[in-house]
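Student: Quick mapping for you: the protein sequence lines, in order, are chains A and B. Counting in the numbering used here, the first sequence tops out at residue 110, every number present. Counting in the numbering used here, the second sequence tops out at residue 794, every number present.
Misleading hints may appear alongside valid ones.
As the list claims (entries may be wrong) - Which stretches of chain B does chain A cover? Using the computed rule of at least three CB atoms under 8 Å from a CB of chain A, they are:
1) 709-722
2) 726-740
3) 744-755
4) 776-787
Hints were generated in silico from the structure; no laboratory data involved. We put the CB at the ideal spot given by N, CA and C, even for glycine.
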Amino acid sequence: MSDPMRIRATEKDGIVDVKILMKHDMESGQRKDASGKLIPAWFINMLNVKAQGKDVFNAEFGPGVSKDPFLNFKYKGSKGDKLVVNWIDTKGDKRTDEATVS
Amino acid sequence: MVMNEQRRALLKYSAVFGLMSSAGLISTAQAEEWNKAAFEGKSLDEVFKALGASSPDKSSTVVLNAPDIAENGAVVPVSITSSLKADQIAILVEKNPAVLAAQFFIPNGTEAFVTTRIKMGQSSNVYALVKTDGKWVMAVKEIKVTLGGCGG
Chain A
9 MSDPMRIRAT EKDGIVDVKI LMKHDMESGQ RKDASGKLIP AWFINMLNVK AQGKDVFNAE
69 FGPGVSKDPF LNFKYKGSKG DKLVVNWIDT KGDKRTDEAT VS
Chain B
643 MVMNEQRRAL LKYSAVFGLM SSAGLISTAQ AEEWNKAAFE GKSLDEVFKA LGASSPDKSS
703 TVVLNAPDIA ENGAVVPVSI TSSLKADQIA ILVEKNPAVL AAQFFIPNGT EAFVTTRIKM
763 GQSSNVYALV KTDGKWVMAV KEIKVTLGGC GG
């Protein structure tokens, strides 16, 4: 099981500012280990964010997204909205975390 | 006999599918396939084609905020905003082994704004593409990298 995401969501004037920090190595497939062998690519490739059960953001990542991916986006919403963030990586590992808009 | 086999095949298929959706493997969003062709594109043109953007025009409606010089190519903060209503946003790094870094789908009610962090193997032009009303427009910025992020 992977480490939890850190999600911060705050509302101001009807706009919710969402910041998400995922924990993932995001191996690009370009790096070599100590013995010179290529480390195979392994990265989060899809992310979905729902607020009150409705899609507010979808992302597709390639290997060019930094280790421990960070996202910031804004949607029209309110305090108390329940956010559900889902990601899945290229090995099929996945993670779901929730947060409430403050 | 034939009917029976078909029926059995169909039952098997729907059983597998039902299982996948109940296990949460398929959500509405994730039923959309990861755009493999676009992420495997090795050149700007290949990625433009895979995204359905033949030759996007530069537009001042797209703003790409990023440092002029990135000291660490492994973590380059990139922010894209548009004054237009965006449906889709994409970040391309011309000289990366995989040109497309990320793309975002923006539903109604979500702003045309995203910030993330990308890797850059070397100094390169970075393209911010925004799709609005079925048409892609873009902003370009050169980012100089003093320490690469893709090597070992």
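Student: All the hints need checking, so say for each whether the structure fits it.
Tutor: Going through the hints against the structure:
1. Counting residues of the region 709-722 of chain B whose CB falls under 8 Å from any CB of chain A gives 4; the rule of at least 3 is met.
2. With 4 residues having a Cβ less than 8 Å from any Cβ of chain A, the region 726-740 of chain B passes the three-residue criterion, so the hint holds.
3. Against chain A, the region 744-755 of chain B contributes 10 residues with a C-beta closer than 8 Å to a partner C-beta. That satisfies the three-residue criterion, and the hint holds.
4. Given a C-beta distance limit of less than 8 Å, the hint that chain A covers the region 776-787 of chain B is violated, as 0 residues qualify and 3 are needed.
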